[in-house]
Each structure stands twice: as structure tokens, then as C-alpha cells.
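Colleague: Line by line, the protein sequences are chains E and Y. FYI, our numbering numbers position 245 of the first sequence as 245, with every residue one higher than the one before it. FYI, our numbering numbers position 324 of the second sequence as 324, with every residue one higher than the one before it.
No wet-lab data here; the hints were simulated from the structure. Be aware that a few hints might be false.
Put simply, identical chains are the same to the list, so a pair is met inside one copy or across any two.
Cross-link-like lysine-lysine pairs, in silico, DSS-like; alpha carbons within 27 Å at most [stated by the list, open to error]: (1) 314 / 84; (2) 349 / 51; (3) 84 / 20; (4) 334 / 83; (5) 334 / 314; (6) 314 / 51; (7) 349 / 149; (8) 314 / 90; (9) 349 / 83; (10) 299 / 51; (11) 299 / 349; (12) 186 / 207; (13) 314 / 83; (14) 84 / 334; (15) 90 / 349; (16) 349 / 84; (17) 133 / 20; (18) 51 / 334; (19) 162 / 349; (20) 90 / 207; (21) 186 / 197.
All figures in this text were calculated on a predicted structure; none of them were measured in a lab.
Protein chains: 2
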Amino acid sequence: MITYPVAQKSFQFEILYQSKISRARVGKIHTPHGVIDTPNFVAVGTNGSLKALANHEHQALNVQLMFCNTYHLMVQPGTALIKKAGGLHKFIQRSLPIITDSGGFQVFSLAYGQVAKELKGQGGKKHPSSVVKVSEEGVIFRSYRDGTKILLSPESTVLAQKDLGSDIIIPLDELLPYHVDDAMLKASFARTHRWEKRSLHAHLQQKQHQAMYAVVHGGTDLELRHQSCGILSNEPFDGFAIGGSLGCDHQQLINTVAGTTSHLPSEAPVHLLGIGDVTSLEQCIPYGIDTFDSSYPTKVARHGMLLTQNGPLKISRQAHAREFFAIEGDCLCKTCQHYTRAYLHHLFKANEPTLASLASIHNVHFMMRKMESLRAQILCGLI
Amino acid sequence: MITYPVAQKSFQFEILYQSKISRARVGKIHTPHGVIDTPNFVAVGTNGSLKALANHEHQALNVQLMFCNTYHLMVQPGTALIKKAGGLHKFIQRSLPIITDSGGFQVFSLAYGQVAKELKGQGGKKHPSSVVKVSEEGVIFRSYRDGTKILLSPESTVLAQKDLGSDIIIPLDELLPYHVDDAMLKASFARTHRWEKRSLHAHLQQKQHQAMYAVVHGGTDLELRHQSCGILSNEPFDGFAIGGSLGCDHQQLINTVAGTTSHLPSEAPVHLLGIGDVTSLEQCIPYGIDTFDSSYPTKVARHGMLLTQNGPLKISRQAHAREFFAIEGDCLCKTCQHYTRAYLHHLFKANEPTLASLASIHNVHFMMRKMESLRAQILCGLI
Numbered sequence: 001m002i003t004y005p006v007a008q009k010s011f012q013f014e015i016l017y018q019s020k021i022s023r024a025r026v027g028k029i030h031t032p033h034g035v036i037d038t039p040n041f042v043a044v045g046t047n048g049s050l051k052a053l054a055n056h057e058h059q060a061l062n063v064q065l066m067f068c069n070t071y072h073l074m075v076q077p078g079t080a081l082i083k084k085a086g087g088l089h090k091f092i093q094r095s096l097p098i099i100t101d102s103g104g105f106q107v108f109s110l111a112y113g114q115v116a117k118e119l120k121g122q123g124g125k126k127h128p129s130s131v132v133k134v135s136e137e138g139v140i141f142r143s144y145r146d147g148t149k150i151l152l153s154p155e156s157t158v159l160a161q162k163d164l165g166s167d168i169i170i171p172l173d174e175l176l177p178y179h180v181d182d183a184m185l186k187a188s189f190a191r192t193h194r195w196e197k198r199s200l201h202a203h204l205q206q207k208q209h210q211a212m213y214a215v216v217h218g219g220t221d222l223e224l225r226h227q228s229c230g231i232l233s234n235e236p237f238d239g240f241a242i243g244g245s246l247g248c249d250h251q252q253l254i255n256t257v258a259g260t261t262s263h264l265p266s267e268a269p270v271h272l273l274g275i276g277d278v279t280s281l282e283q284c285i286p287y288g289i290d291t292f293d294s295s296y297p298t299k300v301a302r303h304g305m306l307l308t309q310n311g312p313l314k315i316s317r318q319a320h321a322r323e324f325f326a327i328e329g330d331c332l333c334k335t336c337q338h339y340t341r342a343y344l345h346h347l348f349k350a351n352e353p354t355l356a357s358l359a360s361i362h363n364v365h366f367m368m369r370k371m372e373s374l375r376a377q378i379l380c381g382l383i
Numbered sequence: 001m002i003t004y005p006v007a008q009k010s011f012q013f014e015i016l017y018q019s020k021i022s023r024a025r026v027g028k029i030h031t032p033h034g035v036i037d038t039p040n041f042v043a044v045g046t047n048g049s050l051k052a053l054a055n056h057e058h059q060a061l062n063v064q065l066m067f068c069n070t071y072h073l074m075v076q077p078g079t080a081l082i083k084k085a086g087g088l089h090k091f092i093q094r095s096l097p098i099i100t101d102s103g104g105f106q107v108f109s110l111a112y113g114q115v116a117k118e119l120k121g122q123g124g125k126k127h128p129s130s131v132v133k134v135s136e137e138g139v140i141f142r143s144y145r146d147g148t149k150i151l152l153s154p155e156s157t158v159l160a161q162k163d164l165g166s167d168i169i170i171p172l173d174e175l176l177p178y179h180v181d182d183a184m185l186k187a188s189f190a191r192t193h194r195w196e197k198r199s200l201h202a203h204l205q206q207k208q209h210q211a212m213y214a215v216v217h218g219g220t221d222l223e224l225r226h227q228s229c230g231i232l233s234n235e236p237f238d239g240f241a242i243g244g245s246l247g248c249d250h251q252q253l254i255n256t257v258a259g260t261t262s263h264l265p266s267e268a269p270v271h272l273l274g275i276g277d278v279t280s281l282e283q284c285i286p287y288g289i290d291t292f293d294s295s296y297p298t299k300v301a302r303h304g305m306l307l308t309q310n311g312p313l314k315i316s317r318q319a320h321a322r323e324f325f326a327i328e329g330d331c332l333c334k335t336c337q338h339y340t341r342a343y344l345h346h347l348f349k350a351n352e353p354t355l356a357s358l359a360s361i362h363n364v365h366f367m368m369r370k371m372e373s374l375r376a377q378i379l380c381g382l383i
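Chain E extracted, bound-state conformation (with noise of 0.2 Å):
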């Protein structure tokens, strides 16, 4: 087993250049498990593995900041088995920095069918589905593994993530569909709050060294962002996560943004929940996003869908079957290093598994290039 040491206790945001033409800046987030250098992407590992990329294979990539989820990982392993472990960082064996969120995402998912769709007011369900009973306590789900009933309060899953030992901890929200009436949008933006500051609570008894980012709500209303901000800023919160529906498109995605993160204060680093593609990176960047995280570039991964500098390049293409060079030149990740598009296009034809590997290293590797480059755009004076 490999043992770190443990660089610094206590979580801290730095700034270290701050655009003159937009609201971007260039920081560094300190944390007990390292250092992540903002803006940044963070690739997501619900079950703490990232899909087909071992965990000593993306720390080799330089992925400064994990995500995982806690409600996969209450189901299985359990999160009191993990405290057993040592925590997380030692069960799966990271190093660096991890973010865990309440598990409240998934558990409504279970409601509504699929949360991102709904998010993005595609969704097809409007009321939640019988398997999820929410009231001022918490959530109340059952397991999709056994079918036990499990609480998720505000308190339990700090509980839960004080097991995890994440850097960074999410307090419980309620994710509402697109499609809800004014009444019900209220009492839940009402009931959203009082969570987060239970959460809040709960996490200030034992701190154990892991920061709370705060989750804005209020959907696409900005009047009600606004609020939002106003609310959670006057708590101790270390940083903000936009969460809630950010709209059905990529103005609604940037105007909400924009209208979240003017009133938040310019000292404390701001996630963007769940948004990895590389255009909503680069308009979002100018709004003072310090963080994204996105299962986006596995995901397309596993169907041969490749990050390059020219856009996603699908390698299923009969025009990439006597391509015998590299994805990308001048890429220094290992596929890159040692493989031809033919012969990804080879794996794809023929269902080898090595394929998502090989196309999960390029595609994190394109991803944490992405966001070296957009760090120097913004000390260039350029964003």
C-alpha cells in the first residue's frame, strides 16, 4: 500500500491572479490532500473508481480533485466499512484531494427518473415516484441493492462523509424537475436552505480538517439565485456549488452562472455541479467558475468518442481505419504515446475493453491539458 503525507490541515483558497477583463481568476485550493490548481476539472468517480481508469492511472494523469458519490457508496460498500478502511483516500488508495456530495443528487434521480435530463428540462416525469419520501427531516430511499429504507438527513450525510473523510463535503439539498409550479419551487428553495445550514451544523461539531461548499439553489430565477447567495453567504460555508436546474440551454446554462456568481463573494472558489463539456468550461471561466465536475469525457469515452483540439472525433469512423498516427500529434498521454487511430478503430470494431482504457487516458489527460491552457489564457490577460 502506498501512504502520503499529509501536506496541510486546513482548507484554503488562494487567489493568485485575478482577470482584468472578466470575473476569471487563476487560485490555487489547499486542501489536506494537496493542492488543486483552479480553474480545474474534476473528473467524477461515483463508485471511487473512475470508469476504466484505475486510480493510480488518472493521479499518474495529475487529476487534482476526484469526485465520488456518497449515495453509490453508502449502498456498497458502506460508508462505516470505509471509515474502517482508513477512510477513503486509503480504500481506494488516492492521495490527492477528493469531493463527495450528499448523496441527495442520486436519491432524487431515483424520483424523477433521470435528474440530468429533468435539470435540463427535458424530462418526461413531473412528480416524484413513491420510492422517495421527503419531509423536513430528510429523504427517506431504499437501497437499490437489498431494497432497505435508508434516512438521508442533514445530518446523516455528514455522518456518512465525516466516514468518507472527503476534502470537500456537500450539505443535503432537494433537487427539484424543471417543470414545478411556483408554490412547490418555494417551499422547496425554503426547505433547501434549512438543510444546508443543518448540514452546515452537524459538520461544524466535528470539522475534521474537510471544507462544506455551500449548494446554491433557485433554478433559472435569478431573483431567487440571488436570495440564494444572499442566505448561504452569511454562513460559514468554505466555497459554493451551483447546483439546482442551470436550464434547458447553454444561454439559460451562462445566465444563470452569471447571475449566481455576481453575488457570491469573489474570496471563496465556486463549483459548477455536473457541467464537463469543453464549451461550457470556456464561457463559463469569465464568470469566476473555479471548478467543474463533469463523468463527460469517460463516459464518451467508452464509445469511442475522443477530445481533440478540433472537437470530439468519433474513432468508429471508417475514415480512421488507415489513420496510422496518433489522436492528436503533439498529445503526451499514453495512448497517444503508443497507439495509431487505426488501431483504436481496430479496438472499437472488435469490442476490446482496452478501448475505454485507452480512450479514458486520452480524453482526462485532453481535459487536464484543456485546463492548464485556459489558466495560462487567463495570466495571458486573454480571458
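Fit chain Y to the known structure of chain E by using the hints.
Modeller: Same frame as chain E, now just chain Y:
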């Protein structure tokens, strides 16, 4: 792309030590792409990739010989394309030796169902299906991809393997199911040897520094095996592979191997086709087998079976959920260096694709270590 110097142009088998108590020997097979220490285990990468283990990874595990299947590579991506890429080594980016088969095994498996089962006498189907036409000329089969008819003849398989440029190639032979009458067996036996001679003839016309191993046939009939050894030893083959039915149990396998190797020239390398479980290796080495190929270690890895000095271990078992230690404490593979049994159990339960990679790394490393230990045991006079 990585390019490697070609060490030695010609094939040579060097016996370093001959056991005093058995026919076991320790040797080195020299090939244009490097040395294979023998006895050794040959990993199978059907489509030019081990399952869930990229070529740069198992090359780092010192897998000295890789087995690829000509049939699969003919159908996808086609051997002409591989030739255009600069040969199989360059196409799949492997600098170390490669052995390819003739394609016959897979073609006949289309006819008989699961050939491996058939060869062990457990098969159900006894007659070739209509997809295969066998004549003196060769075998006609339909591509499983697009239905086109392909002729596999002694000459065409050699030409395909010339395109591939593998270090060791195999002549076309016919595989019969276990349950056939004497007349059918004898007719096939004679034709197989005619095919092998034609393959050798085609090979010698453009040797390209490749070696060709004859395939010894005769099923479990030791008299036929003796005859086959006699016929093939009279031809300038570089080595021998034991093919065909090896019987339906362990004892028959050993009897067949023992009754075959005793009639082969002791200075030639001997390969046992399709056998890779540790017990069989240990029992066959004393009869002079130098190399074994099998997909067993990577196939069982995908099902969560991990090879250990104390026998195979099923990582899915609940007992492993709280084992916060490596698969094997003294194993130096990346999986054992980084991860615990508890984490691997969790990855299995969570259906994470990284389990297959991590288990394959361990199992292939285990086989390499096992072969090293068996070579040491021969040198110490224990085998």
C-alpha cells in the same frame, strides 16, 4: 510511436539446462523481436489486445510472447491493412515476440461449436455445420462480420501470417471433434499433414525471418501421435506445437503429452496449444513442454477470480469485503502494490470495469512469476 531495435534476425532455440530427472529443460527462444525464456506462459490477445490489459501494460509485465489469432485479424481489420501499418508488432505497438495461429482452430470452431469443449470430449455437436466446406484445397468459411466467403488454405494462411509478420507462425491443420469414427480420423490425419507440408513450402519461399512450428496431431491415439511426430520431424520445421484433441481429463492430457514429446527431436522447442491452468503446466513441463498459451488468466480475471499461490480466490465472496490487505502480500504487481482485496471486492460488486484490468494485471503477473519459479525449480534439480 515507440520503435525498437530488432535484436536478432534469425530464430534459434537454446537449451541452457537439461533436467537429470525428467525431460524438463530451461532454455531461450531467440526471435527477431527478442528472447523468450522457457518454460514460459504465452498470453492470448485474440484481436491484438489482451482483454482489459493494454499492450504497453502487459509488455511492462514482461509477457515475452503474445498469441494473436489470424482468423480474427483476417476478419477485422484484415491482414492487408496490418501489413500496410508495418506489420502486427507496429500496428499493436508491441516490441516483443508474437506467435500467430493459422486460423484453422477458429474456422473449425464455427463448424463444431465450442472447439475447446469438443477437444475435451464434452461436446454435443458431432458434424460440421454448413458454414464450413472442407476440401483438399482448404476450408471455405463465412466471415462472422459481413458474411463474405473466405478461403483458408495452407497457402493463404501463410500469406496472411506473412502480412502479420509474427515471429512464430503455424501451418493450417484440421481440427476434428473428439467423437469421430476411425475412417474420418485417418482421412483427416493424412490431409492435415499434407496441409502442413504445403504451408511449410509456402513459408520457405519467403521466410522473412519468421519461424514455423508444425502442429502434431493424432488425438489421444498414441500410435497416431507417434506417426505424426515422425512425418513432421522429417520436415525443416523450427519447432512443434501439440494440437488436436488432448483427451477428456487431466490423465489423458498428460498421457498424450508424454506419448508425443518422447517422439520429437529434443533440440526443438515444443508448444502446448490452449492449455494454461497451473496444474497442467506443472504436470506437462516434466515431459518437455517449453511454452503454453491460454486465455485462462485474463478470462477468469473478468469474472473476479484471482490466482494465488494457495489456489484461485473468488473476489466476489463476502469474506473479502473487509480484507484490507493485498491479494498476495509478497506480490509486486501494480494491483497488489496499490489496492486491497476489500477495494477489489467493492469494484466487483459495483460492476466497475477497472476490476477486470486490475485482476488481469495480477493474474498475468502471477503467471510470469509462476513460470520464473518453475524455471528455477528445474535448475535446482527439483523438476
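Colleague: Now tell me if each hint is right for this structure.
Modeller: Verification of the supplied hints:
For the homomeric pair residue 314 and residue 84, the shortest alpha-carbon distance between copies (22 Å) is at most 27 Å, but the shortest distance inside one copy (43 Å) is not. For the identical chains of this complex, residue 349 and residue 51 are neighbours both inside a copy (20 Å) and across copies (14 Å), given an alpha-carbon limit of 27 Å. Taking the shortest Cα distances, residue 84 and residue 20 never come within 27 Å of each other, neither inside one copy (48 Å) nor across copies (54 Å). Only between protomers do residue 334 and residue 83 lie at most 27 Å apart by alpha-carbon distance; the minimum there is 24 Å, versus 34 Å within a single protomer.
Taking the shortest Cα distances, residue 334 and residue 314 sit within 27 Å of each other inside one copy (19 Å), while across copies they are farther apart (31 Å). Both within a single protomer and between protomers do residue 314 and residue 51 lie at most 27 Å apart by alpha-carbon distance, with minima of 19 Å and 22 Å respectively. In this homomeric assembly, residue 349 and residue 149 come within 27 Å of each other (Cα to Cα) only across copies, at 20 Å, whereas the closest approach inside a single copy is 43 Å. Taking the shortest alpha-carbon separations for residue 314 and residue 90, only the inter-copy value of 23 Å comes in at or below 27 Å, while the best intra-copy value is 37 Å.
Taking identical chains as interchangeable, the C-alpha atoms of residue 349 and residue 83 lie at most 27 Å apart only when they sit on different chains, with a minimum of 18 Å there against 42 Å within one chain. In this homomeric assembly, residue 299 and residue 51 come within 27 Å of each other (Cα to Cα) both inside a single copy, at 8 Å, and across copies, at 20 Å. For a Cα distance limit of 27 Å, the shortest separation of residue 299 from residue 349 qualifies both inside one copy, at 18 Å, and across copies, at 20 Å. Taking the closest pair of Cα atoms, residue 186 and residue 207 never come within 27 Å of each other, the shortest separation being 31 Å inside a single copy and 80 Å across copies.
Taking identical chains as interchangeable, the C-alpha atoms of residue 314 and residue 83 lie at most 27 Å apart only when they sit on different chains, with a minimum of 24 Å there against 41 Å within one chain. Taking the shortest alpha-carbon separations for residue 84 and residue 334, only the inter-copy value of 23 Å comes in at or below 27 Å, while the best intra-copy value is 35 Å. When the C-alpha separation of residue 90 and residue 349 is checked against a cutoff of 27 Å, the pair qualifies only between copies, where the shortest distance is 19 Å, while the shortest distance within a copy is 37 Å. When the C-alpha separation of residue 349 and residue 84 is checked against a cutoff of 27 Å, the pair qualifies only between copies, where the shortest distance is 18 Å, while the shortest distance within a copy is 43 Å.
Taking the closest pair of Cα atoms, residue 133 and residue 20 never come within 27 Å of each other, the shortest separation being 48 Å inside a single copy and 76 Å across copies. Taking the closest pair of Cα atoms, residue 51 and residue 334 come within 27 Å of each other both inside a single copy (17 Å) and across two copies (18 Å). In the homo-oligomer, the alpha carbons of residue 162 and residue 349 lie at most 27 Å apart only across protomers (23 Å), although the nearest pairing inside one protomer, at 45 Å, exceeds that limit. Proximity of residue 90 to residue 207 under the C-alpha cut-off of 27 Å is restricted to the intra-copy arrangement: shortest distance 19 Å within a copy versus 55 Å between copies.
For the homomeric pair residue 186 and residue 197, the shortest alpha-carbon distance inside one copy (17 Å) is at most 27 Å, but the shortest distance between copies (84 Å) is not.
Comparing the model with each earlier hint shows violations of hints 3, 12, 17; every other hint is respected.
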